[in-house]
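Residue numbers (this note's numbering), protein chains in the order written: chain A, 1 to 219; chain B, 1 to 253.
Everything labelled a hint here was simulated from the structure, so no lab data went into it.
Source: prediction; values computed, not measured.
Cβ coordinates follow ideal geometry from the N, Cα and C atoms, glycine included.
Keep in mind that the hints are not guaranteed to be accurate.
Far from chain A, some chain B residues (derived; all Cβ distances over 10 Å) [to be verified]:
hint	residue
1	E62
2	C70
3	M94
4	E99
5	S101
6	A118
7	V119
8	R208
Mimicking DSSO-like on lysine-lysine, the simulated pairs with C-alpha atoms at most 27 Å apart in a straight line are [claimed, not checked]:
hint	chain 1	residue 1	chain 2	residue 2
9	B	K121	A	K129
10	B	K179	A	K175
11	A	K96	B	K121
12	A	K141	A	K129
13	B	K143	A	K198
Just the calculated beta-carbon pair ranges, DEER-fashion [what the hints assert, rightly or not]:
hint	chain 1	residue 1	chain 2	residue 2	range
14	B	E226	A	E156	51 to 61 Å
15	B	P59	A	K35	45 to 55 Å
16	A	K129	B	D66	18 to 28 Å
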Amino acid sequence: MSVSGKRKHRQFHESLLTTAVVLLLAGCSSSLNLKVKTQIPTPVVTRMPLVMGVHFSDKFRNYVYQENSEDRQNWHLDNSASRLALFRQVLPSMFKEVRDVPGTKAPAGVHVDAIISPEVEDMQLALPKETYSDLYEAWIKYKIQLYRPDGKLIGEWPITGYGKAEKGFFTSRSKGLNTAIDQAMRDIGAKLSIGFPKQEVVQQWLASRTNEYHAEARP
Amino acid sequence: MNTTPKPGPNLVLLGAPILLAALLAGCGSTTVINEYRGKPAAAIKKGEAVVVLGRRNRPDHETEADFIECVGDSLSDGGKDVKVIPEKKFINSMYPYFEASTAPMNVKNLGTLMQNPAVAKKLRKLNLRYFVWIDGDTQTTDKKGTLSCAIGPGGGGCFGFLSWEDQSNYEATIWDFKKLALSGKISAQTDGTSYVPAVIVPIPLLARVQAHACKSMAERISQLLEQSPTTASVTSTQADRPPPSPASTLELE
């Protein structure tokens, strides 16, 4: 082998070694910056004959999961876009009409039967090495608040979504967590769309609306 | 003087039979199939569809999506004109009724779900005949040996020996959608050992446990979907080598 050939050979091995070291260091890093992507299908549910207002508070819109502990250094998970997309996809399938309102009280001249305002209560994540399992897991808890058009709270209830993703040989931590969060979001959408008419507060409110309607109709 | 060197033993020729023997002896998989057949099912008709779905409501494991896909592909490639709806497509089109937390757990629940006109209409439009629910997973049960690799400026290599055992446990539950009845249950348990000997270069001799379980299960499901309504209950074993213990018939829940 010529001198230049030997040099090229050595350079190749050195660059290979550097790449391996960089990859190893990157693999050991516990920091995480993830923008979650979620796809929620259109629910096959029967629409309720209601005009529903929806209000997303700033706290709900801007919630970001952050953690900075020994095991989870600089964790930053942003699923705000998918959170809003979930409600924008699910609510129009549940009601005759959905209108955005700027607060939990309907503005003058805007007709809505009620206003839904969700809040993020909690979000928890688990990695396979933490639970000694082969699963990435995500728990997301929302609080669904239902208001009268005048801003009076009708009632509220929690919805917890759970999702898990198997740890494959080539599954990165970001991909595993994204899949688990996506599943948890789908779960929330499912429980909201199926569970809304079954909620006791909703049934009581609907019954009171019917009674009011009959009282007004009476001569 | 020009002498021709005496030919030495050809390492490739010597190594090939050893490698072949190791492949044949070491990487076999054993599959034990248990089968229960419920109400006599009518053979699937042309144009009718089947959907293969994974159960994902267990906290300790996740039925692998690739296994479900493998069973679905094997059913549709079986040459018996079975139309298989892909799992993801079906779950998305029926959202939110077939998610892990909302999917019907038995035929009675499916009957209740059918009272929802929107769901009933959508399912009928698919011309769906059978639901195949699969629950289970493949796990590595035993690992032995060590293998270490090193890389340096002069090159790299590995040395050692690794072996592990994989075990697949899957159960398929088949519902006849038109009769709203349980058509059968098939369970498949597959075991296999994989080896990786390494002298400079690692040579993986892998037992394709999951693939074997998939193939065995798909064959049985296909038979059940194509069956004439005469068989009551069947227990059988499919194996590359004799099963470790006799199989027993599943009992209906």
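Which numbered hints are broken by the structure, listed smallest first?
-> Numbers 1, 3, 4, 5, 6, 7, 9, 10, 13, 15, in rising order.
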